[in-house]
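Novice: Residues per chain, in single letters:
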Amino acid sequence: MMKQYFFAVIFILLALSSGYGQQNGVLIEAESFDKLGGWLVDPQFVEQMGSPYLLAHGMGEPVSNASTSFKIKEKGEYHIWVRSKNWAPGDWKAPGRFQLAVNGEVLASELGTKPGWGWEYVGMAELKKKTVELALIDLTGFDGRCDAIYFSQSKDDVPPRAGKALAEWRKSAKGESDQPSVVEEYDLVVVGGGIAGCAAAIAAAEQGLEVALIHDRPVLGGNASSEIRVHTLGIYGNFERILKMLDTEHYPNGSLEAYKDEDKRHQNISKYKNIALFTNWRAYDALAEGNTITAVDARHTSAGKRIRFKAPRFVDSTGDGWIGYWAGAEFTYGREAVDQYGEAYEEWGELWSPNKADGFVMGSSVLWRTYQSDKAYEFPSVPWAEEVAMGHEAKAGTWKWELSRLDYHQIEDAEEIRDHMLKAIYGSFANQKKLSGMEKLKFEWISYLVGKRESRRLVGDYIFTFNDVTEQRKFPDAVVMEEREVDVHYQQNLKDASKPDFLSEAIFYRTPMYYIPYRSLYSKNISNLFMAGRNFSCSHIGLGGPRVMRTTGQMGAAVGFAAAICAKYQCDPRSVYEDHLDEYLELIEKQK
Amino acid sequence: MEVTLKSQENYDGNSIGSYSEDDYIEPINIELYNFQGIPAFYSSEFATAVCEDKICELLHIKLFWDLTGNYIGYDTLAGHPLTKFDHEPFEKEDYIKLHELLMNDGTILKFKRKDELIDKKILRPSDVIDGTTGATALEIKEEVVKGALYTSYTLWHIAHKGEIQNLLNEQTKKSYTKELAIEMMNSDRDSYRIFAVDQLSVDELSENIPFLIIGLKQGNPLLRKTILQKVPSPLWNDLDFQAKVCSLYGLLDVNSRFYLLQSLKEVALVYSQSLEELSKYLNKMSKNQLLEYLELVSKSGELSNSLKTNLSEFARSENRYSYLVMDSGIVED
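Going down the list, the sequences are from chains A and B.
Numbering-wise, the numbering used here puts 590 at position 34 of the first sequence, and it's gapless, one number per residue.
Numbering-wise, the numbering used here puts 269 at position 267 of the second sequence, and it's gapless, one number per residue.
The set of hints was computed from the structure by calculation and includes no laboratory data.
Here the structure is a predicted model, which is why all the values come from computation and not from measurement.
Check before you lean on any hint, since a few could be wrong.
Straight line, CA to CA, 30 Å or less: simulated BS3-like cross-link-like pairs of lysine-lysine [to be verified]:
| id | chain 1 | residue 1 | chain 2 | residue 2 |
| --- | --- | --- | --- | --- |
| 1 | A | K1055 | B | K56 |
| 2 | B | K219 | B | K143 |
| 3 | B | K56 | B | K99 |
| 4 | B | K286 | A | K670 |
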């Protein structure tokens, strides 16, 4: 059963409300603002730039102000810095400019103008009252971003720009202890609320486990959510009943129909009283003793509160394999050399599998849609987008809007990838608007989330490869089945350098039914870690087929049931294969 | 669009084999055509069934592929003009559209099974192939020849059949001679130049430096990667070659630039001249290219004065990534 421990608060915040005090100044985290207005909390890139931030994603129209208030100990003159970034630097005005208002007075500095995340000096303000009101004023609607605001009475008190120094400084500014003061215990902790994570939670809950489902978004579904809107593909395998609670219709990618399926998903998850759902909580660490994970620490994406989640077993459905990564699990990234597993698809050569291993992977997509509004609408000029869009014209994004580059890591450079896609979208839309008949064309929606296809792949006892597809290998522990094509993408500009760099092409390998063994769904070297989703144990080509969401959902369900066997026998995931396989397969068989 | 084949009369054709599948009505017999003794292209005349469900019609056609198995054109056969539904003949624009479709290796037809071509919600009776038993799915409509959906589909899948492509590539390897190697190396077709690079031994690579350099300068990213991947260690250790390749940095696409920097990390010695050549392009580097370059510099020991100057000037510039040079500690404030 779940137990909760509320530890005594071991530190006292010097500031009240959302302000964090330290000797010289007060730090305000933008994502903790009382009112967000039209700004969005973006926690996608915490591991790279240090924090969730506020994003003015107005698709070219300034968003309404975000505002908050906080208290200071001492009235007086304060120097103010804002941590921000010019996301498209060049010989033009920065696209994402904004201003700061303090106690109703708009400070003159335009912010979001310096390349790279760093502190911009805003100016000085005399704070005559102990309660200070702040507002962020978006000037452009083009994705201005604000991480934090810092007030100090000393002009020399400039916070560190980035990296460990900033993290330490931030921790000290907030008076944060080394570990969360709230600890919760569960039978199973599932991190990541995409289709795989949801399926794992349901399967385990149906077997009576107390499950924590931690997800860093407000809504469940991951790439299938209304925030990314990719329809689910693949078959149900053994888990039709569970997956029908979670999947989507075959709507066109980007469609509003994603909302309907999302409602269904939430309603279904909420029926399970033994699933504790933590939406808007992002895991930030996994603690391991030897080769065993003891806890996962997570932080609320806007309030900053922290919880330590303890459990005997964990499921990594983060997509990026974060839990495994933090715990020291073996993982791979990139394309294996063609000979490593013998994965040639001869006629496609290097585009399919390289002679030498490299860092190419399938890219990330940012979907978008437009509509014909009822009146003509002038779109602002976007000179900063032209370097990417060039002459390309478009009024919607499809799966082909995808970015992979050798010098972009899908995790470490995800923000740059998202921003590159935003330039492609804004630029292509601006070009389309110049065509006759397009005067009323308007953005309906642009996702601000990076829809990833591939990133880290955690290594299990078995690495699923293309050969398992071509040979339709029938494993004794086959728990997932699929008949969808192996579908591997490459960037169009590799064959034709004149093509825009944000468009991809697919290579299809059609196949009869193939199977994935249970041994690909738990870590080889972390004894209590399952994985389900795109970060399961496979090669780059092995991922090409089962990366779609009904298949990853099958993985989730399979893992959830395995966790129940583990709980019954107090054993690790490997023992399910070694000692309880028949019982496990029977349990799965019953789900049909 | 015009198919750019010259008259076949000047070419000698020899059968090289055939390819067949269960639902083919006859094997696709392929001939290799030589020009003055050197392989030039492949061709096949065949009949195929164009079927929808149980209704089939015969289609006679001739397809052409290049020496690496890429579709390059088609021709009709005497007495067998192409027809659409209701036996309407192809118009001139339909012939052009068909060629454009067959040239498009990214067409939506690639991803569709035959039963997905028709929107089943809009069914209408017809007994004619390529007719209107259902409305062509909207997303497919723009790409196919109007009224010739199944002809378009059937021909595209033969023209781009991987097994045929492999067969042709194997044959080209068997027919590979010094003369053909020269032809392919001098070709403006990237797929030919990639094929030629793949055939070169380690020694031959070193003997064909001008070909490699031209490929890096003018080739598509795939050719560039193939070349960089195959450069043998002794050639990388050659100062002139290494510096020359680095001097091409500004001409390369973003992926080749990064691949070059990664390749240099595996080279035993990156010469000071090479680093200087690369430093001329600091302004063109992406963030991760610059980081990769700075790693090369930091491993290189004593820096030349000219390199120090270039880095210092860049660090003081307004470039979006100039701070990375400062962060690296390679130059002082």
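Novice: Measure nothing beyond the straight line between the CA atoms of K219(B) and K143(B); if it is 30 Å or shorter, mark the hint as holding.
Specialist: violated, 39 Å
Novice: Decide if the proposed pair is consistent with the structure: K56(B) and K99(B), CA atoms, cutoff 30 Å inclusive.
Specialist: With Cα atoms ~27 Å apart, K56(B) and K99(B) stay inside 30 Å; holds.
Novice: Assess, step by step, whether the Cα of K1055(A) is no farther than 30 Å from the Cα of K56(B), and give holds or violated.
Specialist: violated, 41 Å
Novice: Between K286(B) and K670(A), is the straight-line Cα distance small enough, at 30 Å or below?
Specialist: holds, 18 Å
In this structure, the earlier hints numbered 1 and 2 are contradicted, and the remaining ones agree with it.
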